[in-house]
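Trainee: If you want the building blocks of each chain, they are given just below.
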Amino acid sequence: MQTLLDQFFNISIMIKTMPLMLKGLVMTLKLCAAVILLGLAGGLLVALGNLSPRKWLRLPCIVFTDIFRALPPLVLLIFIYSGLPFAGVEISPFTAVVLAFFLNNSSYYAEVYRAGILSVPKGQLEAARSTGLSKAQALVHVVLPQAVRNVLPDLLSNTIEVVKLTSLASAVSFAELLYSANMARSVTYNASPLVLAALIYLVLLWPLVRLVSRFQRRLAA
Amino acid sequence: MEGLHRFLATFFDPAMIEAHTLAVLAGVWITLEIGLAVIVAGIGLGLLLACLRTYGRRFFNFFIVCFADIFRALPPLVLILILYFGLPSAGILLSGPMVLFLVLSLTLAAFAEEIFWAGFSAIDKGQWEAGIATGLGFTGTLFHVALPQALRLATPPLVNRVLAITKMTALGSVIGVEEVLSAATTAQSFSGSATPLSLAAIAYLIIFLPVVFLARFLETRQRWGRA
Amino acid sequence: MTNRPMLEIVALEKRFGTNTILKGIDLKVSEGELVFVIGPSGSGKSTMLRCCNRLEEPSGGDIIVNGRNIMSGTTADLNRMRLQVGMVFQGFHLYPHMTVLDNVTLAQRKALKRSRPEADARAMDMLENVGLAHKAKAYPSELSGGQQQRVAIARALALDPKVMLFDEPTSALDPELVGSVLKVMKDLRDKGMTMLVVSHEMGFARETADRVVFMDGGVIVEEGTPDEIFGAPKAERTRAFLARVKN
Ligand SMILES: Nc1ncnc2c1ncn2[C@@H]1O[C@H](COP(=O)(O)OP(=O)(O)O)[C@@H](O)[C@H]1O
Ligand SMILES: [Mg+2]
Chain A
1 MQTLLDQFFN
11 ISIMIKTMPL
21 MLKGLVMTLK
31 LCAAVILLGL
41 AGGLLVALGN
51 LSPRKWLRLP
61 CIVFTDIFRA
71 LPPLVLLIFI
81 YSGLPFAGVE
91 ISPFTAVVLA
101 FFLNNSSYYA
111 EVYRAGILSV
121 PKGQLEAARS
131 TGLSKAQALV
141 HVVLPQAVRN
151 VLPDLLSNTI
161 EVVKLTSLAS
171 AVSFAELLYS
181 ANMARSVTYN
191 ASPLVLAALI
201 YLVLLWPLVR
211 LVSRFQRRLA
221 A
Chain B
1 MEGLHRFLAT
11 FFDPAMIEAH
21 TLAVLAGVWI
31 TLEIGLAVIV
41 AGIGLGLLLA
51 CLRTYGRRFF
61 NFFIVCFADI
71 FRALPPLVLI
81 LILYFGLPSA
91 GILLSGPMVL
101 FLVLSLTLAA
111 FAEEIFWAGF
121 SAIDKGQWEA
131 GIATGLGFTG
141 TLFHVALPQA
151 LRLATPPLVN
161 RVLAITKMTA
171 LGSVIGVEEV
181 LSAATTAQSF
191 SGSATPLSLA
201 AIAYLIIFLP
211 VVFLARFLET
221 RQRWGRA
Chain C
1 MTNRPMLEIV
11 ALEKRFGTNT
21 ILKGIDLKVS
31 EGELVFVIGP
41 SGSGKSTMLR
51 CCNRLEEPSG
61 GDIIVNGRNI
71 MSGTTADLNR
81 MRLQVGMVFQ
91 GFHLYPHMTV
101 LDNVTLAQRK
111 ALKRSRPEAD
121 ARAMDMLENV
131 GLAHKAKAYP
141 SELSGGQQQR
151 VAIARALALD
161 PKVMLFDEPT
171 SALDPELVGS
181 VLKVMKDLRD
191 KGMTMLVVSH
201 EMGFARETAD
211 RVVFMDGGVI
221 VEEGTPDEIF
231 GAPKAERTRA
241 FLARVKN
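Protein chains in written order, with my numbering: chain A, 1 to 221; chain B, 1 to 227; chain C, 1 to 247.
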């Protein structure tokens, strides 16, 4: 029991590594902000492409979402980070991570948006058009607000996944939270920093996870 | 033309394809093995917990909800590192594949429990009453009436989640599990070529694209009866 | 109709929290009798029916079915008892994932332990009685509301219940579908089934009921023959209710 406590919940090690961890947390938050915003924007464009009546626009968007839903994000990340230099493209860990997760998240967010847009009755668009709004105006002011509201739980749960996903950046030595924790672990020969990282993720994400469940319950009722 | 040639030579070098396809295929086998084990264990445990939860015992439900919350909130890679690097010093040795299997199946179980529970919650209360009023009892009604309907409702989101989590078998490469990605990065560093990485990407597409198509198919088809 | 009581409700009370919904109900339904319950919405009619097979747990009193008190005994006893009390809901509650035939055979096979052929034969008989044998292979979503309700009646009857409880069986139906369900209920009565019916179909009550019970505020205000209740109600509350329903 004592060894377990020492190995996983060593308070003095946790306190000692705290500054390093907080630095990592800041990087994680920065990374999250970048990938979430890019993913939300990219996903919207891809979703609109997915639903376009023009085949030349629709097909590439569908292929895009399917491919990036099928590829594990870590594979994509390693491919970009270690593969591109072979083609003469040097790339920083941050750029590689942002690019990989942008591609991955756009396809996931796109699926959520698509479901949302499809959930808005067709009559809404027709009514908006009949009052003289352009197609783009109708989309922005009438369809999208309803679409987003309808899939808010899914958008939120996808965003939780994105935050968790940023931990993969540690695999390409990007100094975010998990990377810092793992560094601290290898220096101290103790898993407590990793447990501390887990606790930080819990503090960050547990409320959001609860919120998603709350949402779902309300939809079911 | 020059550019395309260079691209092909970097990512699809025929000599490299020949040299490393077998190694990647061996990785595919391990990925499939661990993936299937995770699916069976994760869905099984998740279903069991969701069924237990329908009995409405506060004591059990508290633990089920905590379990589901924690494993949905934690990044699997964090858990993988804790188990892989932490447990040995506590005297417990788990192999890389075992750690990967444990973490991913518990994660899938947490999500599956929530998905099945959402399915149970969406079933009309009258369905339970009809079953109980005809003498099936709570357990009989659970199995014959509620469960089949919950399964049906749960299938599309479950397939999506299974896809997301089995893809995480690639995380095994971080702790030396010789799955597809590890096989490819090893080959890449030996050969100094990016082609093995392309092979890995293609292997994953072949494995997971069918699941993507299945998910899409299930999302468009959602009604009882023959239609 | 005999004088043997098939269902006895004795001093039944039901509270939800501090809210007392049933305040001591006494009601006897004899073998082969059709007792019709009317009363304003919220007066506790559904709650009373649901206490009769303990879908709702009574807070006090006894329910005696065919001479056996169902408030005592084990869970297994309770499930056996429920087989004797058929229930038909306002919302049908057919199982959407099963064919009509499977809806009618499920409890026969799982609760009564009948073999598949035996259950099928019994189910086809019952579906024949409600005029839906030709829909045996259909799914509930392919049926009209009236047809679904008749299947629900067949599902309950297939278990050979001693008493049938109906909770507003036609309230969720389009007007033109009500008749087919009432006809099935009348046939059932003519065959001697003991029935306790909550409904607003006053015409049906006049024609078929042996006794009419008026409930209000969790108590039985008045009971009598249809002629007594509809023709010359004694209590002021009954008169007010009937006047309201007529327009
Ligand atoms: N599960 C419940 N919890 C709390 N109150 C309930 C519940 N079921 C019924 N009630 C209350 O009991 C009263 C009687 O309901 P009900 O038996 O359905 O009346 P009726 O069928 O005569 O319309 C209503 O005021 C209703 O709000
Ligand atoms: Mg009612």
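The set of hints was computed from the structure by calculation and includes no laboratory data.
Just to be clear, a hint being listed does not mean it is correct.
[Said to hold, decoys possible] Across the chosen pairs, the derived CB separations fall in these ranges:
| no. | chain 1 | residue 1 | chain 2 | residue 2 | range |
| --- | --- | --- | --- | --- | --- |
| 1 | C | 171 | B | 151 | 28 to 34 Å |
| 2 | C | 60 | B | 55 | 54 to 60 Å |
| 3 | A | 37 | B | 58 | 49 to 55 Å |
| 4 | B | 124 | C | 217 | 35 to 41 Å |
| 5 | A | 118 | B | 14 | 42 to 48 Å |
| 6 | A | 118 | C | 72 | 54 to 60 Å |
| 7 | A | 37 | B | 25 | 38 to 44 Å |
| 8 | B | 55 | C | 174 | 36 to 42 Å |
| 9 | A | 146 | C | 134 | 51 to 57 Å |
| 10 | C | 131 | B | 58 | 54 to 60 Å |
[Said to hold, decoys possible] Listed below are the simulated SDA-like cross-link pairs for lysine to any residue, each with C-alpha atoms no more than 25 Å apart in a straight line:
| no. | chain 1 | residue 1 | chain 2 | residue 2 |
| --- | --- | --- | --- | --- |
| 11 | C | 137 | C | 122 |
| 12 | B | 125 | C | 15 |
| 13 | C | 137 | B | 142 |
| 14 | A | 164 | B | 164 |
| 15 | A | 55 | B | 41 |
| 16 | A | 55 | B | 149 |
| 17 | C | 113 | B | 138 |
| 18 | B | 125 | C | 79 |
| 19 | C | 110 | B | 214 |
| 20 | C | 137 | B | 149 |
| 21 | B | 125 | C | 167 |
| 22 | C | 23 | C | 221 |
| 23 | B | 125 | C | 234 |
| 24 | A | 164 | B | 143 |
| 25 | C | 113 | B | 209 |
| 26 | A | 164 | B | 209 |
| 27 | C | 110 | B | 39 |
| 28 | C | 234 | C | 24 |
| 29 | B | 125 | C | 99 |
| 30 | C | 113 | B | 126 |
| 31 | C | 137 | C | 81 |
| 32 | A | 55 | B | 71 |
| 33 | A | 164 | B | 142 |
| 34 | C | 113 | B | 139 |
| 35 | C | 191 | C | 81 |
| 36 | A | 164 | B | 156 |
| 37 | A | 164 | B | 139 |
| 38 | A | 55 | B | 214 |
| 39 | C | 110 | B | 138 |
| 40 | B | 125 | C | 174 |
Note that the Cβ used here is the ideal one computed from N, Cα and C, for glycine as well.
Trainee: All the hints need checking, so say for each whether the structure fits it.
Mentor: Hint-by-hint comparison with the structure:
| no. | hint | result |
| --- | --- | --- |
| 1 | C:171 - B:151: 28 to 34 Å | holds (32 Å) |
| 2 | C:60 - B:55: 54 to 60 Å | violated (26 Å) |
| 3 | A:37 - B:58: 49 to 55 Å | violated (41 Å) |
| 4 | B:124 - C:217: 35 to 41 Å | violated (29 Å) |
| 5 | A:118 - B:14: 42 to 48 Å | holds (44 Å) |
| 6 | A:118 - C:72: 54 to 60 Å | holds (55 Å) |
| 7 | A:37 - B:25: 38 to 44 Å | holds (39 Å) |
| 8 | B:55 - C:174: 36 to 42 Å | holds (39 Å) |
| 9 | A:146 - C:134: 51 to 57 Å | violated (44 Å) |
| 10 | C:131 - B:58: 54 to 60 Å | violated (47 Å) |
| 11 | C:137 - C:122 | holds (15 Å) |
| 12 | B:125 - C:15 | holds (20 Å) |
| 13 | C:137 - B:142 | holds (24 Å) |
| 14 | A:164 - B:164 | holds (12 Å) |
| 15 | A:55 - B:41 | violated (42 Å) |
| 16 | A:55 - B:149 | violated (37 Å) |
| 17 | C:113 - B:138 | holds (17 Å) |
| 18 | B:125 - C:79 | holds (18 Å) |
| 19 | C:110 - B:214 | violated (34 Å) |
| 20 | C:137 - B:149 | holds (19 Å) |
| 21 | B:125 - C:167 | holds (15 Å) |
| 22 | C:23 - C:221 | holds (11 Å) |
| 23 | B:125 - C:234 | violated (39 Å) |
| 24 | A:164 - B:143 | violated (35 Å) |
| 25 | C:113 - B:209 | violated (46 Å) |
| 26 | A:164 - B:209 | holds (23 Å) |
| 27 | C:110 - B:39 | violated (31 Å) |
| 28 | C:234 - C:24 | holds (21 Å) |
| 29 | B:125 - C:99 | holds (20 Å) |
| 30 | C:113 - B:126 | holds (23 Å) |
| 31 | C:137 - C:81 | violated (30 Å) |
| 32 | A:55 - B:71 | violated (41 Å) |
| 33 | A:164 - B:142 | violated (35 Å) |
| 34 | C:113 - B:139 | holds (15 Å) |
| 35 | C:191 - C:81 | holds (22 Å) |
| 36 | A:164 - B:156 | holds (22 Å) |
| 37 | A:164 - B:139 | violated (37 Å) |
| 38 | A:55 - B:214 | holds (22 Å) |
| 39 | C:110 - B:138 | holds (12 Å) |
| 40 | B:125 - C:174 | holds (23 Å) |
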